[in-house]
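*Asks:* Work the whole structure out from these sequences, hints included.
Number of protein chains: 2
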Amino acid sequence: MTDAPLHQIRMQKLQAAMQARMARATEKRGLLLVHTGNGKGKSTAALGMLVRSLGHGFKCAVVQFIKGSQPTAETALVQAFPGLLSWDRCGDGFTWDTQDREGDVARVREGWEIVKAHLADPDLRFLMLDEFNVVLQHRYFPVEELLEALAARPDHLHVVLTGRGAPQVLIDAADLVTEMRMVKHPFAAGVQAQPGLEF
Amino acid sequence: MTDAPLHQIRMQKLQAAMQARMARATEKRGLLLVHTGNGKGKSTAALGMLVRSLGHGFKCAVVQFIKGSQPTAETALVQAFPGLLSWDRCGDGFTWDTQDREGDVARVREGWEIVKAHLADPDLRFLMLDEFNVVLQHRYFPVEELLEALAARPDHLHVVLTGRGAPQVLIDAADLVTEMRMVKHPFAAGVQAQPGLEF
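Chains H and L, in that order, give the protein sequences. Under the working numbering, think of the first position of the first sequence as 296, with each following residue one higher. Under the working numbering, think of the first position of the second sequence as 296, with each following residue one higher.
Just so you know, nobody snuck in bad clues.
One copy or any two copies: either way a pair holds, since identical chains are not told apart in the list.
Dumping the calculated DSS-like pairs for lysine-lysine here, alpha-carbon to alpha-carbon at most 30 Å: (1) K411 to K308; (2) K479 to K411; (3) K354 to K411; (4) K479 to K354.
Simulated from the structure, these hints should not be mistaken for lab results.
*Replies:* Right, dumping it as structure tokens:
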């Protein structure tokens, strides 16, 4: 049961729609990207973008908030792309483990000083602010201060913010927003976090 | 015309095989992961997992379907992790560019031979079947044949399938499913695909 002509017409329509969309998209500039939602893949997709940028030879930086460590990818990538990647971690462990709001806020401020230095670097092409949506959601940092700093960044710099609970004002300001929605999770089926997937 | 009872028996067998596989390794085992939805981040998140697995020194493989090329990440990672990563591409360009269903199906079959070899490799720890959900959605390959092969794979092998339109039977069989939902996309705002983000 092949429907060759129907298939062809359908594909031609799809092709035309894609071409029309690409024709509208003429501008190249650094984007503000947001990965949010309750599902997996928010930080991991940013990590995939990081690898693509490193593959192009672009200077990149990661500043991790909230999460204390992600040593595997960090160590591997810093070694694999010498001189291209800066990686900093702020905070020690997940917030719900620390129960120390003032300490968390102070650590976010320390991390922000690193972010400001990256935003002032004209050579930087890709900046990942890992779990910063959570920082904003918990009001550990004012979203207005973030958006002002991002608005003043160099034109070619892509910035991706990850984490649940991205506030609406950030979504409004962003160029690209993806919600990672959990459909099914193996922890519910008694499966542990595993190397290579979660860390 | 589908033969409903035959299909049902086959699916029951498949379900039993999947359950037996889960019973063999309840805590740590290779997972079947699906990234689907209309948003960005499906392949990119799989790429992030790949980097984590490579960072652990695990042997990994990527077989790309539909998309013709993603040379940046491939070249960079193959060089950065010598001997650990196998990467194959099947198909030449997006399906809506080829308008050649029989040719597409033949290319999928060629790719499947590579997949079968990977599934038989006891040393492999991570296998990415990029855009295979689209292959299934277009019925370029029978989902039952895929699931039977996955049910018989080594216990420790993680497999991630990416692409829009993952069929329900695949979602039912998967351990972890994330839907990447598009909230906002810059093509709509006149921005082109850019190096480091899309490729």
